[in-house]
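Q: As a plain string of letters, each chain reads:
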Amino acid sequence: MDLVQLQRQFVDYRTSLYHEGFLDEQFTQLQELQDENNPDFVVEVVSLFFEDSERLLNELARALEQQSIDYKRIDAHVHQLKGSSSSIGAQRVQKVCIAFRNYCEEQNVEGCLKCLQQVWHEYSLVKTKLESLFQLEQQILTAGGSIPM
Amino acid sequence: MLIIQTKSLFLFHLYISQLWLLFFNTMNPSNGNGSMSTASSSGAWDGRDQFPAGLRVLVVDDDPTCLMIFEKMLKACLYQVTKCNKAETALSVLREHKNEFDIVISDVHMPDMDGFELLKHITSEMDLPVILISADARKQVVMEGVTYGACDYLIKPVRIETLKNIWQHVVRKKARNTV
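As given, the protein sequences belong to chains A and B, one line each in that order.
In terms of the working numbering, the first sequence opens at residue 1 and continues consecutively.
In terms of the working numbering, the second sequence opens at residue 1 and continues consecutively.
In isolation and in its complexed conformation, chain A is listed as follows:
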């Protein structure tokens, strides 16, 4: 694939992520923050998000396995995931977190378990998609091109 095709593929892919609700305006904000002094900012912050989210999701799974469930603790974790996902623009993850918090408030274990599954699912999806996006970026840069804005 030549450079122009790669760049077109990149733009189309990125646009689809917004259309399908995987990403929102906040992701654009992050891209705008990236500059020559910090050319890997988006990849760095997204990688941090992946690392931290997996930690939170594992903690949530553990917390929901307990005999006596600590809903306050679960709520705190979900709240943090909501904050970080909204900050990087992972809109679908953020939306599940909102529902998750409602179930926490009701102390509904079934609802919480369902949401945990959903949030893992949405998280895995956005992770895969962002990794693909970054891969396309890398291919463009390797081919000597620039990333279309």
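Fair warning: there could be bad hints in the mix.
DSSO-like cross-link-like pairs, simulated, lysine-lysine; straight-line CA separation at most 30 Å [as the list claims (entries may be wrong)]:
{"no.": "1", "chain 1": "B", "residue 1": "K139", "chain 2": "A", "residue 2": "K129"}
{"no.": "2", "chain 1": "A", "residue 1": "K95", "chain 2": "B", "residue 2": "K83"}
{"no.": "3", "chain 1": "B", "residue 1": "K173", "chain 2": "A", "residue 2": "K95"}
{"no.": "4", "chain 1": "B", "residue 1": "K164", "chain 2": "A", "residue 2": "K72"}
{"no.": "5", "chain 1": "A", "residue 1": "K129", "chain 2": "B", "residue 2": "K120"}
{"no.": "6", "chain 1": "A", "residue 1": "K72", "chain 2": "B", "residue 2": "K86"}
{"no.": "7", "chain 1": "B", "residue 1": "K120", "chain 2": "A", "residue 2": "K72"}
{"no.": "8", "chain 1": "A", "residue 1": "K127", "chain 2": "B", "residue 2": "K120"}
{"no.": "9", "chain 1": "B", "residue 1": "K139", "chain 2": "A", "residue 2": "K114"}
{"no.": "10", "chain 1": "A", "residue 1": "K72", "chain 2": "B", "residue 2": "K139"}
{"no.": "11", "chain 1": "B", "residue 1": "K174", "chain 2": "A", "residue 2": "K95"}
Pulled from the structure, derived: some chain B residues nowhere near chain A, Cβ distances all over 10 Å [as the list claims (entries may be wrong)]:
{"no.": "12", "residue": "A53"}
{"no.": "13", "residue": "T65"}
{"no.": "14", "residue": "S92"}
{"no.": "15", "residue": "H97"}
{"no.": "16", "residue": "T123"}
{"no.": "17", "residue": "M126"}
{"no.": "18", "residue": "L128"}
{"no.": "19", "residue": "V142"}
{"no.": "20", "residue": "Q168"}
{"no.": "21", "residue": "K174"}
Just so you know, these hints were derived from the structure itself, not from any lab.
A virtual CB, placed ideally from N, CA and C, is assigned to each residue, including glycine.
Given the coordinates of chain A, assemble chain B onto it according to the supplied hints.
A: Just chain B now, with coordinates in the frame of chain A:
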């Protein structure tokens, strides 16, 4: 007759002392906040030509993703940024480096000490504007923050345009203190 004269004399003295205060403050513009005069001369943020660049911000958030984004955004605003991931650390930093910060931005929900407690400490010990940030938009929580003295309460995700305006809180506070 005597009573009226005493009252007039009192008012006269009051008037003169007000004039003197006004004169004193005009001659020493940085002295509006008592203990700040030495800090202002050594401090970074009186330079009107680069205003509001150089604003000295302390940002506190236990979430590493959010903290990294805030730092980048605040630096893009040309502010001087110090970041902390714990409220207790932030409080020690503020106590040890009094007068070296212009404003504090803090997340609300943090383990150990939360944003409200940090806010209470800061308002009682120092004269710094504090902005609270949270993903929690519930009215009662926002109300609590504002009631405890936060000069603003922002809902995550925070946009850079919002951070570009935070210097207004610093100026407003200084103006109030000078009165």
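Q: Which hints from the list above does the structure break, by number from lowest to highest?
A: Per hint list: 1, 3, 4, 5, 8, 11 and 13 violated.
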